[in-house]
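Trainee: For reference, the chains in residue letters:
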Amino acid sequence: MRSVLRNRKALSGLVLFLIFVVLAAVPRLFTSITDPNKLAFAPAQPPSGDHLLGTTALGQDIWAQLVYGTRQSLVIALVAGFFATVLSVLVGVSAAYLGGLADEILSMITNIFLIIPTFPLIIILATYAGKGTLTVVLIVLVITGWSYGANQLRAQALSLRNRDFLESARVRGERRSYIILAEMLPTMTSLIVANFLGAALYSVLTAAGLQFLGLGDPNSISWGTMLYWSQNQQALQSGMPLWSIAPGLCVALLGISFALLNYAFDEISNPALRPVRRRRAAA
Amino acid sequence: MRYVLRRLGFFVLTLWAALTVNFFIPRFMPGSPLQALQIRTKNRLSPEALEQMLTSFGFKPRENLGGQYLDYLGNMFTGHWGVSIGTNLGEPITTIVAHALPWTLGLVGTATVLAFIAGTAIGVVAGWRRGGALDSVLPSVFVVTSALPYFWVGLLLILVFSVWTGGLLPSDFNYDSNLQPAFSGEFIGSVLHHAILPGLTIVVTAVGGWVLTMRNNMITTLAEDYIRMGRAKGLSNRKIMYQYAARNAFLPNLSGFAMSLGFVISGAILVEYVFNYPGLGYLLYNAVQNTDYPLMQVLFMLFTVAVLVSVLLCDFATAWLDPRARAKG
Amino acid sequence: MPLLSVQDLRVEFATADEPVVAVDDVSFSVGEGEFVGVVGESGCGKSTMLFALARLLSPPAEITGGSVEFRGQNLVTMTEKQLNVLRWRDFSVVMQSAMNALNPVASIGAQFADAIAAHAKYTKAQTAERSVEVLKLVGIDPVHLKSYPHQLSGGMRQRAMIAMALLFTPDLVIMDEPTSALDVVAQRALMVQIRQLQAQLGFAVIFVTHDMSLVSHFSDQLLVMYAGQVVEAGPTRTVFDDPQHPYSRGLLDAFPSIRGPRVPLVGIPGSPPDLARPPAGCRFQPRCPVAEAECDTSRPALFPVGPAHSRCLLNAPKPSAEEVHHG
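Protein sequence lines correspond, in order, to chains V, W and P.
Counted from 1, the first sequence has number 62 at position 62 by this note's numbering; the numbering is strictly sequential.
Counted from 1, the second sequence has number 230 at position 230 by this note's numbering; the numbering is strictly sequential.
Counted from 1, the third sequence has number 60 at position 60 by this note's numbering; the numbering is strictly sequential.
Simulated from the structure, these hints should not be mistaken for laboratory data.
In this text the structure is predicted, and so the values were computed from the model without any measurement.
Keep in mind that a hint or two might mislead.
[Unchecked claim] So the derived list for chain W, only partly shown, Cβ under 8 Å to chain P, looks like this: (1) 221; (2) 224; (3) 225; (4) 228; (5) 232; (6) 233; (7) 234; (8) 243; (9) 323.
[What the hints assert, rightly or not] Only part of the chain W face toward chain V is listed, based on derived beta-carbon distances under 7 Å: (10) 14; (11) 18; (12) 147; (13) 158; (14) 159; (15) 262; (16) 303; (17) 307; (18) 309; (19) 317.
Yeah, the Cβ is synthetic: ideal placement off N, Cα and C, and Gly gets one too.
Please model the entire structure based on the sequences and the hints provided.
Mentor: Shown next as structure tokens:
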């Protein structure tokens with residue numbers, strides 16, 4: 001944990017992430033408006049004391065929408081990321097541990113899911129399921145997001161499989177499930193965490209993209225739907241650029257926080273990647 | 001040889017799986033799109049036209065599922081893709097696709113390859129030169145750019161270079177609407193002019209990932225013994241960097257490129273949407289808006305094929321570059 | 001003048017805290033055509049010292065003191081450009097092939113050609129000719145010039161590396177654990193071959209390994225390293241038959257003689273010291289079976305013992321009585 005705090009990238013990523021968590025947890029601290037979707041104000045106002053980022057073409061406070069929208073984006077990132085990771089671990093580690101035909105089949109499935117271009121698939125799935133509710137979006141994200149991690153985890157599990165500490169567990173007569181859960185998984189923690197961060201990043205960006213195209217729930221409060229409506233109303237061209245840029249920036253920042261944490265994890269587990277700083281000898 | 005065959009086998013298998021998924025989705029999702037289709041067009045199309053249109057579903061209500069499935073597969077391969085039920089009702093999908101394909105290949109294809117080449121080159125140099133201010137700043141910069149959403153970068157570029165400059169760089173379409181397609185300098189110039197912002201969006205967002213993976217691969221490779229051996233032999237730095245380090249570090253990058261193409265295509269769809277660029281991605285968006293199921297399914301198949309073909313090409317390239325892959329088979 | 005003369009060589013690793021001294025004032029010399037074995041356990045600094053000799057260290061390791069004189073020229077102060085004139089023509093390097101010291105994507109012939117092109121202007125024909133020649137020297141069929149490293153067996157890879165090292169018939173070949181990845185039979189065959197080539201071509205060898213018994217059958221001079229220092233050095237026969245330092249004795253006792261009487265195997269308990277915090281006195285003292293009180297506090301120098309040297313306080317010169325005895 002200390003090494004996480006010492007790493008500059010990890011620190012910035014963590015701070016960014018925590019800012020969003022706070023925004024999502026206590027939105028009332030940041031805005032007095034309780035229903036950001038209500039058309040309560042004069043439309044298309046530029047930023048001012050009353051409306052930090054101005055109002056939308058429909059008369060909603062942009063800043064309030066941003067703050068309340070944080071919640072959904074965080075939920076998507078964490079929930080979809082979590083389940084996708086769970087699936088990756090299940091498939092990847094089982095494939096490596098079971099070996100043989102089971103491994104071949106699981107690997108084939110993983111590769112197929114990996115290759116099929118996810119976005120078109122998502123679009124089609126989301127369309128068929130009707131204008132997507134949050135649940136549909138989550139399910140679709142998990143289905144398309146687990147395969148990348150599964151391959152990586154399988155590779156690591158394979159290399160661990162024959163290591164001595166596992167051999168000794170086998171010789172001691174431990175059950176397979178014990179070996180996997182109590183011996184292998186703890187060693188793979190850093191890769192699992194890295195996978196989670198990657199899945200979270202993927203979910204944030206893809207969910208935003210989906211909602212941007214209008215495939216999410218247009219009445220929900222989220223950054224993605226803000227983007228949809230702003231694009232719908234030609235925000236950039238009609239002098240309300242903040243309406244488009246601000247939610248996009250939030251998506252970017254949340255994604256960046258995950259990416260920074262992910263890269264920092266890479267650096268921590270592989271010291272060779274760290275920036276080389278020459279120490280000046282004490283005079 | 002075995003290696004080539006194995007990769008071809010994988011290609012066929014995945015293609016089959018994708019097509020099968022494509023076939024079954026409409027049949028299992030709630031809300032039976034087939035019925036919606038029938039209802040929607042009942043008054044405007046004859047049963048024969050309806051049937052032709054549903055060819056891409058393999059929908060022949062009189063046949064059993066197995067027969068439908070085989071017909072569907074056959075149709076996909078032979079190009080009997082049916083007709084669109086979107087804005088251009090009744091237009092053959094093959095025509096629609098033929099119009100859009102070159103634009104996507106041109107813009108997205110070129111930009112992606114450019115990003116890959118640039119990213120790899122920068123990554124090689126970044127991995128080679130350790131220490132100094134650049135080494136601590138560069139990775140962070142690219143970590144940030146690689147996490148940016150494609151559409152947001154597009155929107156930002158439009159705002160800065162198009163709206164704020166009063167239209168200096170166009171943010172819409174693939175060429176000026178008052179021009180006719182021709183091999184004239186004016187037309188080509190217009191095409192390039194319109195491709196700048198969307199192309200830049202793709203390159204900026206995609207390059208970061210390549211820089212980082214290549215840099216990391218280089219660093220790992222540089223720790224190998226044969227690098228030290230190269231130095232011991234007194235080889236020039238340039239030679240070691242390219243022939244010994246980069247050539248080895250590049251190999252995992254290549255397979256990474258193939259695997260990430262699915263993601264690149266997603267980004268491309270968004271970019272085309274933001275810039276109203278009439279490529280396949282834009283087509284897909286419109287198809288979705290119009291619930292143009294036949295077109296959607298064909299496009300999905302095309303995207304899958306594109307990724308698979310690229311993966312195959314990357315596999316062949318790996319075999320060419322890595323003597324160990326040829327041996328392993 | 002000896003071919004190679006190392007004086008007080010010191011190598012430090014920069015860390016977040018104090019630098020760690022990996023090679024601590026090592027001195028020795030190598031004569032023409034001599035075979036010098038350097039033995040020690042993992043982490044004793046022998047490989048680091050070897051790479052320092054050949055100026056192949058990379059950050060965070062660097063040479064912070066001493067000199068390495070090759071025919072009178074100090075390698076430590078030379079620039080890369082100056083070193084390049086000597087590299088491969090005057091001294092070359094052989095590494096442990098199991099770690100893939102050969103570029104996996106280039107053929108053997110291409111890697112030979114690389115080395116040649118870096119130092120001489122041969123025509124293609126001359127390059128080919130010389131490559132074939134050195135392969136024949138080590139007993140590899142020249143058809144393997146087209147092979148890739150993964151297509152050769154471990155023993156062949158090792159011999160190919162030796163062949164590559166001999167492209168310009170250098171005066172000195174530095175070898176880092178070349179036998180560690182081979183089976184016992186291949187090991188011995190390789191050693192015999194190296195000795196043969198030495199007799200044929202007259203180059204000197206510095207051979208680093210952890211296998212003391214193997215190298216002592218072939219070396220002229222033996223250096224024993226421990227915790228970054230040379231603890232014993234001398235003619236092989238002397239060191240082997242009558243080791244002075246308790247560590248060398250411990251090493252030799254760990255190898256049973258195949259013909260001698262059956263004796264219980266004795267190991268050396270404990271482990272080497274952490275070089276970031278070396279012991280104040282003798283570095284071997286924590287594990288030494290014959291340590292005395294003063295070993296804890298005073299650092300022994302390398303004391304002469306007959307034709308050899310030993311870094312043990314027990315070998316410190318004692319006044320008159322000893323001198324008369326060894327006179």
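Trainee: Taking the hints in turn, state whether each one holds.
Mentor: Status of the hints after comparison with the structure:
Against a cut-off of 8 Å between C-beta atoms, the interface hint on residue 221 of chain W is violated, since the closest Cβ of chain P lies about 10 Å away. A distance limit of 8 Å between C-beta atoms decides the matter here; for residue 224 of chain W the minimum to chain P is near 6 Å, and the interface restraint holds. A least Cβ separation of about 4 Å between residue 225 of chain W and chain P falls short of the 8 Å threshold, and the interface hint therefore holds. Interface restraint check: residue 228 of chain W against chain P, minimum CB-CB distance 6 Å, threshold 8 Å, status holds.
This hint holds: residue 232 of chain W has a C-beta 4 Å from the nearest C-beta of chain P, less than the 8 Å allowed. Restraint check, residue 233 of chain W versus chain P: the minimum CB separation of about 4 Å is within 8 Å; hint holds. The beta carbon of residue 234 of chain W comes within 3 Å of a beta carbon in chain P, closer than 8 Å, and the hint placing it at the interface holds. Taking 8 Å as the C-beta cut-off, the interface hint given for residue 243 of chain W holds, the closest approach to chain P being about 7 Å.
The beta carbon of residue 323 of chain W comes within 4 Å of a beta carbon in chain P, closer than 8 Å, and the hint placing it at the interface holds. Hint status for residue 14 of chain W: holds, given a least beta-carbon distance of 5 Å to chain V, under 7 Å. A hinted interface residue such as residue 18 of chain W counts as satisfied when its beta carbon comes closer than 7 Å to some beta carbon of chain V; here the least separation is about 5 Å, so the hint holds. Satisfaction of the interface hint for residue 147 of chain W is found here, the shortest Cβ-Cβ separation to chain V being roughly 4 Å, below the 7 Å cut-off.
Hint on residue 158 of chain W holds. Least Cβ distance to chain V is approximately 6 Å, under the 7 Å limit. For residue 159 of chain W, the suggested interface contact is upheld, since its CB lies about 5 Å from the closest CB of chain V, less than 7 Å. At its closest, the beta carbon of residue 262 of chain W sits 4 Å from a beta carbon of chain V; the interface hint therefore holds under the 7 Å criterion. Hint status for residue 303 of chain W: holds, given a least beta-carbon distance of 4 Å to chain V, under 7 Å.
Using the Cβ-Cβ criterion of 7 Å, the hint placing residue 307 of chain W at the interface with chain V is satisfied: the shortest such distance is roughly 5 Å. Because the beta carbon of residue 309 of chain W sits about 11 Å from the nearest beta carbon in chain V, more than 7 Å, this interface hint is broken. Interface hint status for residue 317 of chain W: violated, as the beta-carbon distance to the closest one in chain V is roughly 17 Å, over 7 Å.
Consistency note: the structure conflicts with the earlier hints numbered 1, 18 and 19.
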